[in-house]
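There are 4 protein chains.
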Amino acid sequence: MAHIQRDRKKLLTRVRRIAGQVAALEQALETGDDCDAVLVQIAAAKGAMHGLMLEVMAGHLSDHLVAEPDQARREAEAAVLLDLLKRHAR
Amino acid sequence: MAHIQRDRKKLLTRVRRIAGQVAALEQALETGDDCDAVLVQIAAAKGAMHGLMLEVMAGHLSDHLVAEPDQARREAEAAVLLDLLKRHAR
Amino acid sequence: MAHIQRDRKKLLTRVRRIAGQVAALEQALETGDDCDAVLVQIAAAKGAMHGLMLEVMAGHLSDHLVAEPDQARREAEAAVLLDLLKRHAR
Amino acid sequence: MAHIQRDRKKLLTRVRRIAGQVAALEQALETGDDCDAVLVQIAAAKGAMHGLMLEVMAGHLSDHLVAEPDQARREAEAAVLLDLLKRHAR
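Those sequence lines, one after another, are chains A, B, C and D.
Take the first sequence: its letters are residues 1 to 90, numbered as in the numbering used here.
Take the second sequence: its letters are residues 1 to 90, numbered as in the numbering used here.
Take the third sequence: its letters are residues 1 to 90, numbered as in the numbering used here.
Take the fourth sequence: its letters are residues 1 to 90, numbered as in the numbering used here.
Hints may contain errors.
Because identical chains share one entry, a pair is satisfied inside a single copy or across any pair of copies.
Unchecked claim - Below 16 angstroms or equal to it, Euclidean Cα-Cα: the simulated EDC-like pairs (lysine to aspartate or glutamate) are:
hint	residue 1	residue 2
1	Lys9	Glu55
2	Lys86	Glu68
3	Lys10	Glu55
4	Lys10	Asp70
5	Lys86	Glu26
Simulated from the structure, these hints should not be mistaken for lab results.
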C-alpha cells in the first residue's frame with residue numbers, strides 16, 4: 001500500500017487545518033486591514049504547508065527510496081525529489 | 001487608506017486561488033495515491049503562499065516604512081518585518 | 001555613520017567565522033568522503049550566511065527605512081530589500 | 001567509490017568559488033559601507049552554498065538511496081536527508 005493511503009488520515013488532518021487557515025486569511029483580507037496580523041497568518045499557513053510537504057516527502061523517501069527493491073524505480077523517484085528541491089527550496 | 005484595503009481585490013484573488021489549490025490537494029489526498037503529483041501540488045500551493053506574503057510585505061514596506069512620516073511608527077513596523085524574516089525564512 | 005561602519009566589528013566576526021567554516025568544508029572535501037558530515041557542515045555554513053544576511057538587513061531597515069528622513073530615499077532602499085527577498089527567498 | 005570522491009573536483013571548484021566570495025565579502029565589510037552591494041554579495045554566496053548543498057544531496061541520493069542494495073542502510077541515509085531538510089529548509 002502506498003504511503004499516501006497509509007498516511008491518509010494524518011495528511012487530511014493537516015490539509016484541512018491549512019484550508020481553515022486559508023479561509024481565516026480570506027476573511028481577514030475581506031473585512032480588515034491589520035497587515036501585521038495578516039502577515040503572521042500568511043507565514044503560519046506557509047509553515048503548515050511546508051510541514052505537510054516534509055511529511056509527504058518522508059513517506060516518499062520511506063516507500064520509494066528505502067523500501068523499493070527495484071533500483072531503476074528508486075532512480076526515477078530520487079529524480080522527482082531532487083527536482084522538487086531544486087525548484088522550490090532556497 | 002491602508003495597503004490591505006487598497007490591494008484588497010488582488011490579494012483576495014491570490015488567496016482564493018490558494019484556497020482552490022488546497023481544495024484540489026485535499027481531493028487528491030482523499031481519493032488518490034499519486035505522491036509525485038501531490039508533492040508538486042503542495043510545492044505549488046506553498047509557492048503561491050510565498051508570493052502572497054511578498055505582495056503583502058511590499059504593501060507593508062510601501063505604507064509603513066516608506067510613506068509613514070512618523071519615525072517611531074516606522075521603527076515598530078520594521079521590527080514586525082524583521083521578526084517575520086527571522087522566524088520564517090532560511 | 002552608516003550601519004556597516006557601526007556594526008563592522010560584529011559583521012566581520014560573523015564573516016570570519018563563515019570563512020573558517022568554508023575552509024573546514026574545503027578540507028573535508030579534499031581529504032574525506034563522509035558525506036553526512038559534509039552535508040551538515042554545508043547546512044551550518046549556509047545557516048550562518050543567512051544569519052549574516054538578517055543582521056545586515058536589520059541595519060539596513062534601521063538606517064535606511066526607519067532613521068532616513070527623506071521619503072524618496074526610503075522608497076529606493078525599500079525596493080532594494082524587496083528585490084532581494086523576491087529573488088533569494090522561498 | 002563514494003560520491004564525494006567521484007565528484008571531488010567539481011565540489012572543490014564550487015567550495016573554492018564560495019571561499020572567494022566570502023573573502024570578497026570580508027574585504028567589502030572591512031573597507032566599505034555600501035550595504036546594498038554587501039546584501040547582494042551575501043545573497044549570492046548563500047545561493048552558491050545552497051547550490052553546493054543540492055549537488056552533494058544529489059550524490060547522496062544517487063549513491064546511498066538509489067545504488068545502495070542494503071535496505072537498512074538506505075533507511076539510515078534517508079533519515080539523515082530528512083533530518084537535514086527538517087532543520088534547514090523553510
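When Cα atoms must be at most 16 angstroms apart, do Lys86 and Glu68 count as within-copy, between-copy, both, or neither?
Neither: 23 angstroms inside a chain and 23 angstroms across chains, both beyond 16 angstroms.
Intra- versus inter-subunit Cα pairing at 16 angstroms for Lys10 with Asp70:
This pair counts as neither: shortest intra-copy Cα distance 28 angstroms, inter-copy 29 angstroms.
Status of Glu26 relative to Lys86 across identical chains (alpha carbons, at most 16 angstroms)
neither (30 angstroms within a copy, 23 angstroms between copies)
Is the C-alpha distance from Lys10 to Glu55 at most 16 angstroms within one copy, between copies, in both cases, or in neither?
This pair counts as within: shortest intra-copy Cα distance 9 angstroms, inter-copy 31 angstroms.
Taking 16 angstroms as the upper bound on the Cα-Cα distance, should Lys9 and Glu55 be classified as within, between, both, or neither?
Classified as within: same-chain Cα gap 12 angstroms, cross-chain 33 angstroms, threshold 16 angstroms.
This entry does not satisfy hints 2, 4 and 5, going by the numbered hints stated previously.
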